[in-house]
Every structure is written in structure tokens, then in C-alpha cells.
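There are 2 protein chains.
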Amino acid sequence: MKGVVVNSIANPVQTAHAIKAMLSPQSIVIMGASEQLTKINGRPLKFLLEKGYQGKIFLVNPKYSEIAGLTCYPSLDKIDAIPDMAIIALPASQVCETIVALGNKGVPSAIVFSSGFGEIGPDGKELEKELLEVARKSGVRICGPNCLGLINAFESVYATFSQYADGDTHSGPVGFVSHSGAFGTAIAALARRREIGLGYFVNTGNEIDLGFSEIMQEILLDPRIKVVAGYLEGIKDGFALKKLAKSAIEHNKPLVLTKVGRLGAGALAAASHTGSLAVEDGLFDAVARQYGIIRARNEEQMLDILEVMLYTSPPAGNRLGIITQSGGAAVMMADRAEELGLVMPRLTPESEDALKDIVPGFGAFKNPVDVTGQFVANPAILRDSINVMLADPQIDIVIIWLQLMTNHVDLLVNLFSDIRKNNVKPFVVCWVAAPEAAIAGLHKNGIAVLRGAEPVVDAVSALVWHTQTRRELLQDQGASLPKINSVDVLSSVTGLHGVVPTMTAFQLLAGEGIPMAKVTLATSEDQAVEAWRMTAGPVVLKIESQDITHKTEAKGVHLNLNDEVSIRNAFRSIMKSAAAYAPKADLSGVIVQQMSKGDAELVIGVKRDATFGMMVMVGFGGILIEVLKDVAWRQAPFSEAIAMQMLNELRMKALFDGVRGSAPIDKFALAKLISKVSYFADSTSSRLIELDLNPILIGEDSLLAVDCVMVVD
Amino acid sequence: MKGVVVNSIANPVQTAHAIKAMLSPQSIVIMGASEQLTKINGRPLKFLLEKGYQGKIFLVNPKYSEIAGLTCYPSLDKIDAIPDMAIIALPASQVCETIVALGNKGVPSAIVFSSGFGEIGPDGKELEKELLEVARKSGVRICGPNCLGLINAFESVYATFSQYADGDTHSGPVGFVSHSGAFGTAIAALARRREIGLGYFVNTGNEIDLGFSEIMQEILLDPRIKVVAGYLEGIKDGFALKKLAKSAIEHNKPLVLTKVGRLGAGALAAASHTGSLAVEDGLFDAVARQYGIIRARNEEQMLDILEVMLYTSPPAGNRLGIITQSGGAAVMMADRAEELGLVMPRLTPESEDALKDIVPGFGAFKNPVDVTGQFVANPAILRDSINVMLADPQIDIVIIWLQLMTNHVDLLVNLFSDIRKNNVKPFVVCWVAAPEAAIAGLHKNGIAVLRGAEPVVDAVSALVWHTQTRRELLQDQGASLPKINSVDVLSSVTGLHGVVPTMTAFQLLAGEGIPMAKVTLATSEDQAVEAWRMTAGPVVLKIESQDITHKTEAKGVHLNLNDEVSIRNAFRSIMKSAAAYAPKADLSGVIVQQMSKGDAELVIGVKRDATFGMMVMVGFGGILIEVLKDVAWRQAPFSEAIAMQMLNELRMKALFDGVRGSAPIDKFALAKLISKVSYFADSTSSRLIELDLNPILIGEDSLLAVDCVMVVD
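Just so you know, the sequences run in chain order A and B. As numbered in the numbering used here, residues 1 to 713 make up the first sequence, in order. As numbered in the numbering used here, residues 1001 to 1713 make up the second sequence, in order.
No lab work stands behind these hints: they were computed from the structure. Possibly wrong hints are sitting among the right ones.
[Claimed, not checked] Short, incomplete list of chain B residues facing chain A, as computed with Cβ under 10 Å:
(1) 1185
(2) 1258
(3) 1326
(4) 1328
(5) 1358
(6) 1360
(7) 1373
(8) 1404
(9) 1455
(10) 1623
(11) 1624
(12) 1644
(13) 1648
(14) 1652
For every residue, glycine included, the Cβ atom is placed at its ideal position computed from N, Cα and C.
Let's have the full structure, built from the sequences with the hints guiding it.
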């Protein structure tokens, strides 16, 4: 992919091999091992021994001959084996020479704990650069520096000093990779409290070599892993993230990411705090949506989503049934479901009749069903209600809300377990203030249990969204993507640089099937008048100059001209004003163009982003785009179906349906246009920097781009 | 206050007396007591005995002569005392007669557990009505029916069967009242887990007599209570809520409410599930904002806010300092702070210099400060950083984020405790995955401890908002409210009913100082022409008829007329179309009015709400109000300062600053206008049903209401 910074220059097979060696080493060497097992350079050995790592452990430190009963070698070359992975727990100044030694030995991978690199400023950045060069030359692949390392809980690999490893770190089907050590540790500790087992825990730190996506890619391929999750502070390599997302969809391993830096203040803090490049959050969000990455707002929501993903089979659709013991909880969930676009259908008359007989009179037998607290005295009320709802053809997934029930845990766990065994349709339990035994019992029976009314709906919504998006992505790969137009039409035009002349830009875009207004370049008054005569009705005159981008500021635009005198006056006035505004500008003449009307104004934009490449935007024009920032982005190229999603993301989308008597807008034609722009952007990505179709006027039967700015390098 | 449904008809002194008797009874009688102490009618006695209630307990049930060593009386009249409160644990059918007996005895208050009332449908509603009548006649004040009752943990009053009481229910400075039994129990259980002590726990159920606000009012007056919190499913009595809010501000006891039913689906579910009247959520939200009620989105956020309110002194302003051991957490908090309008200032150069010396090189010494994990080895890094930040004059409140630290709890608790003792400025700890001992230790030292980066900023933001709003409310009561115009100008006009004639409405509003366009009623072509001649420039003609509200639909509006022929044609055409549209309508003539222009269109509306009385709305006109629903509401009357808050709440408020070269709008003039409308609405509240000033055209120096609809009863 062009226009994207690719971080890793090494070949993919070697990369995969090195990461595998790092994640599942048969042998580990600790460079700078310490006998003080509570210190950073002592903790990995402590964990490896305590938690029963089965591979070989080698220690290197000239200060010791033995630590904890293991031989400690004065240097690497004294070891009569080639370890799969090295832990480097040495001062920053010794890291480069150590990497050289590891390279000489043939060790494929190293985890560098050491800080004192990019995170400390310019000096560290220099050292970091040197370290990467050394790593490349020596062939050693690096995780870090400035990281807590990793845990592979399946094989008891504890190449870390994280305090998370002080407690129980039982393995489980979640792979978790974090940019941040402290935040990553916090998330891991919260996962443990919820009985969510992490098979892998990796902190990537400064990511000078191996990045988040590359490491996650290998974790995802482990058959013991069902869901992968990440905490990000930025994205260095948009290409690798896209590849990871595609792989996650293909292997059906949901990818759940929390990324900080959503707004200006956060992005600023991110830039000053981390080595990561802060990316525009809107672009990240769009890419996530486009490729089926589930974005969790914060750490608790990430864990909520993991919980649901781990235990719940994909629902057939977005139709939610709710059963509660509290009308209030039902209301809160119904509200949240509506906000998130989940549907809460009415049950079939048969189901309602059945529930009317089951549910007490002071409950509610319609969706959301309120079984009331009576089910404690008579559990059949709950069991039968759930079964009726799960059997209802109107319902795709069910949430059951209850609370406390300290005295009834076994009864309820058995009840849910029976329901689970006898039903194919998915359900999720929301158990507020659940006793620990309840959570453990439900997990044992393969049932997700959430902590609150809003979080459970958020998580179910993520499951529904992922299921649907995955289905669409798998279909999209097959059928609906037209063949990519590989012809870079920009390359056929010579001499382009900077702002492309209007006539050329309009021609190029029209040639790609994009409906452009008719424009004529007039280099004299007579030509301008002639152009007006060829046009039906009033025209607009605009200065044409590669050196003037702000035409209005240059007083280079005259609107609504419909007689010869006005045209001539306007031509003269425009040329004079433009010359005064930019004396050195090369003035090509004046563009003559019919005045156009529409019911709505849209803007389609393209920009080349350093991280994500060619990104396409759509939004309503005028004050709405300025004040509301109501826009949708996607990475080019994309299908009409994706373009349709963009339109549906706009907060002002009701405008498409026609407001105040104006006719509804043809969204399909619009989606086609946006998709075409995305193909144009993709095929010209080696040269196109920016494209703005603004405004695009939309009427009942018309769609016309009346102005555009195209910039190339 | 007019136009409001007042629920309680009894006098306030008697009400307060009865509620006090209910909340802190010297003696309790259990009507329908059972020897089966695990049943609903047995559990109160079990709790009272187990938890050591010091008052007298009387039992009534003809089935027993003794329960758990206490005399059980066959009937109330056998008891030789007048209990303060009765618990009624009997079938619905026996409740009315029991209330009569209690009344005869002189028992002032009763808690009715029994279900089978309004919540079961029409029959229950009938019984409920009867119960209220009986209660009024007998003078017994009722909590319930269909409720879990109450706990006063200070005096060990357990008039409840809630499973919350199965565990430890230690008292504390929070008063909590819930509409819902199940949801209320869930919240109480969550509070217990967080070591937030509830002094009072009340479930009000169907609220046929005593309502949420009345009971909360008495709880709030208990000096042991510092904060009050409620869970609501609707509001029956807007007047009582406002009174409660004012009392909460006066006594400086923050009132934190979670109300479900934010959207359509939820409101529907609420209506079908609860006896409560579903109120328009936007109105509730506005009233909460207006009177300093803190609205929590859900139960967890409620507890977050309680935690901060309980332990943290009010900050002087909204300037937030952040100290973390994780850059990522800093970013997440900075983002959230920006979203919520908290400011994160740069520290003074002196502070930055000091922090540069304290914080390790790979941390960050600017706000947000990242002390890194190094503080574990050297706690002075954390202590000194916090002290520097608290001393910085740029900072009003500080959040400190850390995680896990299982091995360093005592050290950290002592560190925070010292800082607390030596500083006046407030700070809050956010400790992710905090060990239980950490939470207990910090609480003991009067320090709030939150669970995550986003929740802590949410809660601090609530504290900042409440502090500021309280200050403004206390000021507002004193100075800035102009004297209320007590003259109902509507009463001076005879014969008004339904839609008020345009001429009258415009005159009335202009008389109140509201800038209305000049309008003339023409009853003939000649008069219309005459009116046009008296106007500078083009005019608009509009049908005038009390029977036609949709003038455009009736083809009764002609715009932009500026010559005699057009005026005459328009007059004829309008009268003809209107007669065809509504043959029975009484046509008064045609309004002639100058065409007006503005840079922006606003709408100001008044409606009389059954719960909250006269409510005033402002929003941008046109498609924005239709599609975005971008409006702000307040209860009339209110000051210009409150009107200014409304303007600042609008999402499109950037339009006031001028967009695309248009001049900024005079917000002060606008605020004055809105406040004036609110006074008009208040003074005419006995008759005004609806008022719509739409549009109000706003230019650089102009402000003009060009049309209005006024409806009276």
C-alpha cells in the first residue's frame, strides 16, 4: 500500500519466526540477571521458577556464578546453546552491545526492559535509533525498549517484571497487548478480578522494532486464543493494523481495542507522554469500524466486551429481548438499546400469552419482561420466561438482569446452566453485585455475566455489531468490491504540481464517472461572454490560478451573472482584484460555470494520512460541517455498501429523508459517487495529497460537484 | 406554584411529623407478623432483633400469641401504647381496614409492603384510590404500597424485607431513597461493596401518599447525613422536587439522582412497568440543572459521585491537575476533562521547575504529570509531586492515578494521609484494582478513592459543577432575580380562549418588553395596501383566524410583496384559500407585516407541563431544531444569567460567535429576552398553555420576533 509508513522492514517470515520464539521460547536467557529477586532484573527469574516454566533458563551476569541454584554465566558466549529469547535487564548504555552479542550467538528475539530511550528526550531518541540499526544488522528482533515484557501463561513464560505477575495469572483464551506498562498492568489486574484469563499479556513499550499489530498477529494464530484485546496510545503502522484486523475477521477472533487520545487535550498529553505518534482519532475510529475492530471506550468496557465475546455465540440479528426482576433496570436497558441501535421487538402473541400465564400480575409480560422478585420463591417463573423468550422467532439475543441473590446462587447457576444446554440462541446474564460464586459458576457453564444494566447493553451491542460487520466483511471480500482501477490517471498528465488547474481536475474526475459541473476557462472578456451564451441562465465567474487557493479572499468570485455587461465587468474586476491580491501569481483566466441549485450541500474530501494512507470523508456542507464536525471517514478504496454506512453515520442523516417538504435524496447515487472518489483516491495515491469536492449540490434527481480543489505532489 | 400537580394534600407540619415518626420510630408495630422469619412478613422482626433495634416492637397476628419471645397480639386495640410506625405485611385486601384501625389507634405512619395495587392494573388502581382515601380520613401517612420499606441504620430501624439487610448494613452519611425495590437493593449492595455507608435506605414503591421528595426532605435534615441520593423512575410532583433541591442547596447536602427513562423506548417501558408518570426527560434534566441536582447516568456513576462528595471539599474552580504513574491514564483523563469542560492549565514555571527535579527523566513534569512507576522505589517522587501541584495557584483540584500496588498499601495510605493533613486544597485518588485495605485506609483518612480514569473525572466534574452551581444559586436568590411581575396581563383581556389573535398576542408581548415585529390587521384589500404603504419595503401577508393554526398549509401566507397589484392579489387569494381550507373558520382578515432578515433564526417556546409547570425552551430554528433537537429548557421564571446558561448549552452555540464571516450575536440581549419571556410565562401561568416565538430573527444589532402562536385556556 502506498502512502503509508511501514514500520518493519524485515521480511514477514523472519518476523513471524522471531515473534513465535519470543512468545513461546524453549529457552530463555536473562542478560543482567540479579540474585535480588524482588528487583526488576531479578523478578523474571523469580516468576519463571515459582510458576514452573518448563524450558531452559540461562543467566548472564559476571557478578554471580550461581543464582537460585542455576549457573550464572559471565558472558553469553560461555553458554553452550542458542536461547530462543533474551530478556535484557541492563542499563540503557549496555543494550546495544548486548544486542550485538545476541546476534552473534544467533538469538532471534529480545525483550528490552531498559528505559532511557525515546521517552527521555533527544539523547534517548539517538540511542533508540542506534539500537534499531544494531538490531537490524544483528538480526535480533526487539520488543521494547522501556517495556514490562510479556507473559505466556499457557507455557508459564514470565519474561516480565510487572506486578500483575505477583498474583495468580491463570491462562485463558484472551490475548492482551498493551502500549502502556502501568495501564496494561491495571487492565490485567482487573481482568483477573473478573475471572477473565489472559493467555498472553504483552507490553510493547516504545515499539522501536516489533509493533503492537505484528505481535498481536502471532498471538491471534494460537488456537487456544479466542479473543484478542489491546490498549493503544497511538498507531505507528496503519498498514499492519489493517492486516491484523483482516486476519482477526478471517480467523473469527474478535479484536477489541481501547485507544486513548480522542480529543485535543488527550492527543497533546499523548504526544508529550509517549513515544507514539498521535493519530487523528477520527481516522482511527473510521478504520476500526471499516475493518471490524471493536473499539472499547475504556478499560472496564473492554473487559465487559471480552466477557460477552468469550462466552456468547453470535446472534442472528439485532433484536433484543430483556428479562428482569426490576422494571427500572428494564427501562435503563431499553434506553441504552435504543441509543445503540438495538431493536426491542414485541414478542409474538403466542409468547405474550405464555408469559402472561407465567409472570405474576404485578410484573410485565411484554418485552422487556419483568418477572419480579417472585422467582426467588418460584424459580420456574424465571426459567419458563427465559425459555419462552429464547424460543420466540422475534428475538435474536436475550439479556437477563438480576441482583444480589446471595442465598440463591447454586439454584440460579443450575437454572442458567440448564437453559444454556437446552437452547441454541445466545443469552447474557447481568447480575448486579453478584456473589463471587455466581460469577465462577456461570463461567464454568460457559455463560457471560456482566455487572450493570448499561454495560451489558453496551457489550451485547458490540457483539451484535461485530457479528454483523464480520458477515458483511466476508461477503464484501467476495462479491461487491468492483475491480480496483489500477490506472493512475494523474500519471497521464505531465507537469502537475501543487494545486491542479480547475479544467484539468474537473476533466480527470469527470473521466472517472464523477458528476462534475461543466466549466469553461475564459482568457478574455469575449471568451467569458461566449461561455455564458453557451450556458442556460445565470453563471458564476471565478479566478483561475494555481497560485490562488482562497478565491473569495482574492475577490475572485462573482455570482449570478446573466447579461453581457455584467460578465464583462466581472471579468475585468476579477482579473484586477486577483492581480492586486497576489501580484506574483500566474493568472490563467476566469472559470465560467452555470449557477447550480440543490436541496442540500455535501462535501467529499480525500486526504493522504501518514498512518492510514488515503482517507475519504463525507459530510454536510456549510455551517454544519464547521460547527458540528459531522463527518464520516473511511480508508480508500471501498464499496458502495461502505459508502452507505458512512452516510448513515452522519448525525444529520435525517436530512437525506427530506426535511420541511424537500424531496428525499437518492442515497444510492450518493454512495456510488463516494465509492468512485475512493477508487480515484486509491489509484492516484502515489501523487494525490488532497482533494476537496465542495460543495456537491444535491437535488431530487441531481447530484453535481460544483467546485473542487485537487493538490498533488 | 400554579400549573403543577401537588401530590400531597396534607399539611406540611403533619407530614414532617409523620415522616419523622416513620424514619426514627420509638416503637414499631408489625401488622401480620409471622414466626417464619425468612418470609416477607417475618424478616423485619428478624432484622430488628438481630441488628439490635432499641425501641419497642409490637406484633399483631391472631395466629400467634408469641414470636421469638415477644408477645403477639390478636389485634391492634390490645396494645397498650401508640406505636410511631406500623409495618403492614398483609394481603392487599386487608390493608384498608388495617389503616382504619391504625388511624383509630393514632399511629401516625405506616409502611405498606403489600402488592396488588396500581401495579397490577385497573382493579389495583381502584384499591389504591380507596387506600389513599382511607389514609387521608384516618390521618395515617403511608410509604408504599408495593415497597420494600426502609432502613434507618443509625437507630437500627429495619422496617424492610430487602435482601440488602441480609448482610452488613453499617450506617454512614448517605441518605438513599429509591422508587424501585430491586434496583434500590442492587445499588445499596454496590454501595456496601465500596464501603459507602447508607444511613437511610428507603424504597417508596407506588408512592400513593408520601413521595420521594417529601421523605428525602426529612432525611436531608438529619445532621448525620452529608449527601442524599435517589433512584427515580419518574416524577409525580415537580413542585416537591424543586423544594427538595432548594433545601439541599441551602443545607449544602448534595442531591445526586439517577433517573431512568431517558428516551422513547425507556419511557415506554417505564410507563408499562411502573405506577409513575413518565415525565419528559429533557424537562427533568433541565430542572435538575437549574436547581443544582446532580444527575448520575447510572448506578455506578451515582456511587462514584457519592464517593467524591463524601470526602472531598469543594474546589475553588474548575482547574484540574493530574498526577499519574501512566501516561495513558493521563491521556484518558485529559480527554474526559476536555469533554466535560474542566480546564487543565499549565503549571507555573516555578512548579514545572520543581517537578523537573522531582520526576524521573522518562516521566513528564508538565500537567498531566507522569511520575512513572519509580515512586515505588522512592515514594518521595509521588509525595513531593503532589505537594507541588496542590500548592500551585493555577490548580483547584488534583487527581492522582495509580494501580494495584498490593505490596505497598500501607506506605501509600500513610503518604496520602500526610498530604491530606498538610493541604487545604482538595484531591481525589483514582486507584485501579485497589486492594480492599487501600480503600478502607483512604476512607479512614477522609480521602475519596475511585475505580477508573474516566469515572474519576466524571465524579470530579460533578463536584466542580455542584460547587459552582450552588454558589450561583445562593447568589441568584439574593441579587440578580428581578422582582416577579405579578400582573397576569392575560387576565386584563376578556374573551380569550384557544389561539390568541395575532394582534392581541403581539401587543401583550410587546407590552412586556419583548421585541415584536410590527403587525397590522387588514380586513380589506384597501387596508392591506394602506398597511404596505406605511411599511418600508416588501411585506408578508398572513391569514388571521383563530381557527387556523397551520397558516402555510391553508395557503394563507404570501411572502415578499412590494407593489399594489401583488398585495391586492395576495389578499384575495389568501382569503379564498383559507375559506376553502376551513369553511367553518371565522376569518378575521390578513396580517400585514414587514419582511425581516437576520443572520440566524431562533425559537423560544413556553409550555405548561403537568409535572414541572411553566417551562421555557430556546433553540436554533429551521432544520437544526427538527433534526438535532438542539434545545435548552428551564422552569419559569428565571434570571438572565440562567438564560445565558441555556444559550451555552446549545450544541450549535458556536453560531453565536459568528460563522463564515457573519457578525457575532449579542447573547446578552438574547438572554434578556428569554428571561423576559420566562416572567411572562410565570405571571400568566394560570391561563397560558403554550407560546411559540418562531422565528426570532437575529442580526448584528437586531433581535425581532416575527411570528408567534399563543394558546390559552
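Status of the hints after comparison with the structure:
1. 1185: 6 Å, holds
2. 1258: 8 Å, holds
3. 1326: 3 Å, holds
4. 1328: Holds, because the Cβ-Cβ distance from residue 1328 of chain B to chain A comes to roughly 4 Å (cut-off 10 Å).
5. 1358: For residue 1358 of chain B, the interface hint is violated, since the closest Cβ of chain A sits about 15 Å away, which is over 10 Å.
6. 1360: 8 Å, holds
7. 1373: 6 Å, holds
8. 1404: 5 Å, holds
9. 1455: 8 Å, holds
10. 1623: Interface hint status for residue 1623 of chain B: holds (5 Å vs cutoff 10 Å).
11. 1624: With a minimum Cβ separation of about 8 Å from chain A (threshold 10 Å), the hint on residue 1624 of chain B holds.
12. 1644: 19 Å, violated
13. 1648: 14 Å, violated
14. 1652: 6 Å, holds
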